[in-house]
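K.L.:
Please model the entire structure based on the sequences and the hints provided.
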Amino acid sequence: MPDRPVVSVVVASHGRALRLRWLLNALAEQRFEGDWELVVVHDYDEATTRRVIEAHPLFAARRLDHRAIEPGTGSPALQRNIGWRAAQGPWIAFTDDDCRPEANWLGELMDAVADDGQEMAVQGSTKPDPMEWGVLSAPHVRTLSIDPVGPFCQTCNMLYPRALLERLGGFDEVAVSGEDVGLSLRARAAGTRIVAAPEAVVYHAIESFTLPGILRQNLKWRHLAYLVKRHPEFRRELTLRLFWDEEHLLVIAATLGLAVARKRPAFGLLALPYVARAAARRGRRPRQRATALLEIPGQAVRQLAETVGMAIGSARHRTALL
Amino acid sequence: MSGGGGGLAVALLMHDFDEGPRSASARDVAALARGLAELGHRPTVLCCGRGPTRVSVSEGFEVISVRRLPEAPLRARGFAVPLTQAPTVLRALRRGGYDLAHAFTPVDAWVAQGSRRLGGPPVVFTATQPPRRENLADRRLRLRQVAAAFEASDAVTAADEAVRDSAREWLALDLEVAAISDPKRFEGIYRSCLGRRVVRAAAQT
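Heads up: the sequence lines are chains U and Z, in that order.
0 is the number of the first residue of the first sequence in numbering that gives the first Met the number 0; add one for each residue after it.
0 is the number of the first residue of the second sequence in numbering that gives the first Met the number 0; add one for each residue after it.
If you're looking for bench data, these hints aren't it; they were derived computationally from the structure.
Treat each hint with caution, since some may be false.
As the list claims (entries may be wrong) - Heads up, incomplete: computed chain U residues facing chain Z, CB under 8 Å, no partners named:
#, residue
1, Leu17
2, Arg20
3, Trp21
4, Asn24
5, Arg50
6, Val51
7, Ala54
8, Met130
9, Gly133
10, Ser136
11, Ala137
12, Ala204
13, Ser207
Even for Gly, the Cβ is constructed at its ideal location relative to N, Cα and C.
P.N.:
Right, here's the structure in full:
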């Protein structure tokens, strides 16, 4: 490993060995001229570790280190904390195992670091991967599109000073989800300026799910109530300081309106804002609108399920979030 | 099941074998089929096409082309096509009494593995196209098909060094190179697969 890396890239990986391999390939293409290292924290078995990680050219070049944890004991927060604590660099760049950084990613992140004495963190841009755009036709997809600086500071593309992570204790390992948001909120509260590096681009996987699959995938969002309970200032980012997503407000209004519409038909109008927004989800061309309209039932089920999940989380953490 | 020295009934799966002018890979599969027939085996090419299911015999081997439905709606929804032939190919594999299925595309291997789960033959997969980042997750189900083909087949080979090198880079797999048109080589691979299956079956009883 480099003796004095300028920056350490930390990746937490679980259940995506193949995508991790693709990330390693992208990191091997980095054009950053300074010394850098990569620390991967994972829970793969020995055979997969040897094949995917230790057989990679970055490992042979002594630029890649890894830490294996027991399967079933990890979480994104825990694994990232293990990673940055094992890293040597004064700057820690986070990305995820389902991402593909551009070749100038690390360089652009580091170029955004200003030597003005003020503590700072850097957020890059995240875009749905053009190599996977074909998947966007699916009704239920998971991807990310982030223009920095956003309110969430997801760790798919963030750069933090190690000293700040040490002072803040890293990621909150109690948080099941939103641990990256929580870290950025604590950083801001500590006076850290978060600056944008829009040219530091990471492409995010586009994964499609069936309706049951996306419902299972989104179950974890019920734990966001813990984040809001710990950081009530975050409510300024929420719709009406209550709804995590504006669509949750619209789908609740639509559902209530349709439920009452039998007896009071005028209440059916409450569904219009939701339908109008949902119909424009795929674009304004007639075929796109038609597809979006056909998808409304599935989308509504998903959004209602998310809302119910958040309500359950609200009860558990004794704070209102829908 | 013929795990010993008798002729093997081998299903060679290449969905686009008979659609349009034959590709280089399809010509190699045809050469493999002829070679297997000369060695005393019973090869059958399983492919698909738009017309009704038809069976033809030429060049010493049987070609079964099963019906493929229009794929445009699936393609519009982002799926990696073809897919509509899957149920028919799966049924043909289960009913054909094959000792082994040898697939040449990820989707064919994925379908053959579906048959294997239902008691069908073991699956050999020969990758004929280099896996690259651009074509590993570009459509719905593609990654699942690729992962299944390369990681869950009973034996996997690369058609040439370019495929082998690409599989090492993008799938972290070290594959044996076996030219498709080498029937003797594949005869050994087939018997090895069948031998392992007999051992597994014996261990379970």
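K.L.:
Indicate, hint by hint, whether the structure satisfies it.
P.N.:
Here is what the structure says about each hint:
no., hint, verdict
1, Leu17, "6 Å, holds"
2, Arg20, "5 Å, holds"
3, Trp21, "6 Å, holds"
4, Asn24, "7 Å, holds"
5, Arg50, "5 Å, holds"
6, Val51, "5 Å, holds"
7, Ala54, "6 Å, holds"
8, Met130, "5 Å, holds"
9, Gly133, "4 Å, holds"
10, Ser136, "3 Å, holds"
11, Ala137, "5 Å, holds"
12, Ala204, "7 Å, holds"
13, Ser207, "5 Å, holds"
Checked against the numbered hints above, the structure breaks none of them.
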